[in-house]
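Chains as they are written, first to last, in this note's numbering: chain G, 1 to 289; chain C, 1 to 284.
Source of the hints: derived by calculation from the structure; they are not laboratory data.
Be careful, since some hints might not be right.
Here chain C is said to cover these stretches of chain G; the calculated rule only asks that three of the stretch's residues, wherever they fall, bring their Cβ under 8 Å from a Cβ of chain C [unchecked claim]: (1) 18 to 25; (2) 36 to 45; (3) 174 to 186.
Think of the CB as a built atom: it goes at the ideal place given N, C-alpha and C, for glycine as much as any other residue.
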Amino acid sequence: MINWREKIIQLLLVGAASASILIVLLIFLSLGKEALPFMSDPGIGRLLEYRWIPVSFKREVFGIIPLITGSVLVTILATGLMIPFGVLGAVYIAEIAVARERAFLKPFIEIMAGIPSVVIGFFGLVILNPVLKEVFQLKTGLTALSGAILLALMAIPTVISISEDAIRSVPKSIKEASLALGASRLQTIFRVVVPAALPGIIAAVMLGIGRVVGETMVVLMVTGNAAKITFNPVDSVRTMTATIAAEMGEVAFGSDHYQALFWVGIVLLVITFTLNYIAQKVLNRYRMK
Amino acid sequence: MISKKGKEYFIIGLIRLATYLVVAIVGYILFDIFIKGFPILNWEFISGFPRRSGAEGGILPAIVGTICLVTGAISFAFPLGMASAIYLNEYAQQGRFKQIIRLAISTLAGVPSIVFGLFGLGLFVLFFGFGASILSGSLTLAFMILPTIIVSSEEALRAVPTALREGSLALGASKWQTIARNVLPYALPGMFTGSILGIGRAAGETAPILLTVAAFYLPRLPRSIFDQVMALPYHLYVLATQHPEAEKVLPMQYGTALVLILLVILFNLSAIILRNQFRKKIQW
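All chains should be built: construct the whole structure from the sequences, respecting the hints.
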């Protein structure tokens with residue numbers, strides 16, 4: 001009698017745990033299902049053109065290359081800001097800050113991680129963009145740079161908390177050995193502790209990059225959304241995420257444009273999946289040691 | 001000539017500066033929104049309906065909409081996440097199946113929010129025919145916050161000492177009896193913490209609800225789970241970028257941003273406090 005109940009409960013729990021697998025499969029399937037017809041008509045090659053002009057009286061162009069370069073530009077800039085501030089922040093919190101500082105900084109970082117992206121975007125729109133416009137003498141402050149600054153702010157908490165974990169899990173004995181050999185505090189931090197924690201820090205940065213690539217609202221609001229191929233930080237760009245968010249509301253369901261947007265979603269999904277997969281592999285191997 | 005020690009202090013100072021620069025910028029963002037949003041906050045703003053497409057009046061429908069979506073999301077995600085965590089921590093053997101589940105969870109955690117939106121649109125809105133509705137939006141948000149809930153629930157379960165399980169099993173209790181009476185009661189506060197963090201995240205997300213539920217301007221309250229609703233983050237987005245008089249409605253934007261941020265910080269702070277209390281109280 002009781003045996004039956006136990007079996008049923010276990011079965012239910014297995015079912016719940018498998019739900020995550022099912023959801024991931026469903027995500028791939030439902031995106032694939034909407035995107036698939038594009039492959040035969042108008043043909044997958046159309047996605048590889050250099051312009052994105054989805055609405056036109058003459059010929060619609062669905063080249064996702066400018067959207068990819070837009071995302072790449074914003075991501076590179078944001079990563080350049082995120083790495084120094086994120087890693088130094090983690091070093092500071094883990095190794096330098098006194099207990100009372102840490103008691104303030106750690107919850108603050110968590111609060112920072114929780115600020116909704118639309119609020120950050122709003123701040124960018126009303127405060128940061130006018131500043132950038134003034135500083136760089138631009139016609140508009142809606143630039144890749146302003147998106148990158150805000151995205152870096154959003155990804156820094158991820159980088160700090162995972163890097164800090166990695167730094168803290170470096171065995172104390174290694175640190176003490178270094179100090180005992182006469183190395184200074186900074187030498188110990190940068191030549192012993194940080195190298196030992198490096199795999200964890202790399203994983204943290206990759207997860208941060210994943211967050212930057214996938215962020216939507218900030219780039220939609222502040223980067224100007226001009227679909228062109230450029231590598232000038234103070235140019236306006238249009239990212240993959242912003243394209244989906246801006247255009248999905250206005251397309252006819254099932255149209256070529258609609259399917260092209262789903263392809264953009266698939267490209268995004270594949271990029272973030274790869275980044276995450278590698279980061280998890282690195283973290284797992286690191287934990288096993 | 002700067003001494004070696006002086007140089008060391010200088011570099012430590014630089015690292016401190018980098019850390020506090022980030023703190024200062026975030027502090028400034030919060031400060032700016034508090035100062036400029038606070039004068040707008042009054043009873044009419046919180047409890048009134050918007051007029052002239054949001055240029056006047058209040059934001060009640062957006063607040064109610066966000067509360068509906070969050071409640072819906074958590075009531076799907078909490079039981080599912082809790083059960084997953086119980087399976088992973090208490091039942092699953094090390095092996096292939098567990099690895100695949102873990103991979104799925106970390107994949108889910110990394111899926112961009114706009115892709116969740118596409119998924120919700122493709123599956124719930126169109127395939128299941130729920131339309132743009134609270135139901136579609138809640139389900140989409142639920143799947144988005146599921147990894148957060150699973151991971152923190154697992155952490156809470158792991159913190160319960162094995163001795164408690166062994167004691168109960170040794171007294172003849174079955175596995176489920178042990179879990180239900182000797183493990184879960186101690187793990188529940190930790191699980192709630194994770195859920196509150198999930199709620200905070202669901203309340204602030206815009207991209208997933210953009211495609212699955214959010215209404216541009218709908219000055220009434222929802223009647224069923226198949227209704228569209230306004231939501232705070234989307235309302236802020238619309239006022240800031242889509243409104244014809246975006247400059248003039250700046251105070252309304254600040255007010256909405258403040259209400260949203262207060263809501264999210266309230267959730268996150270209570271989760272942090274609850275967790276710290278819990279850690280202090282129970283020491284094995």
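Comparing the hints with the structure gives:
no., hint, in the structure
1, 18 to 25, "holds (count 6)"
2, 36 to 45, "violated (count 0)"
3, 174 to 186, "holds (count 3)"
Violated hint: 2 only; the structure is consistent with all others.
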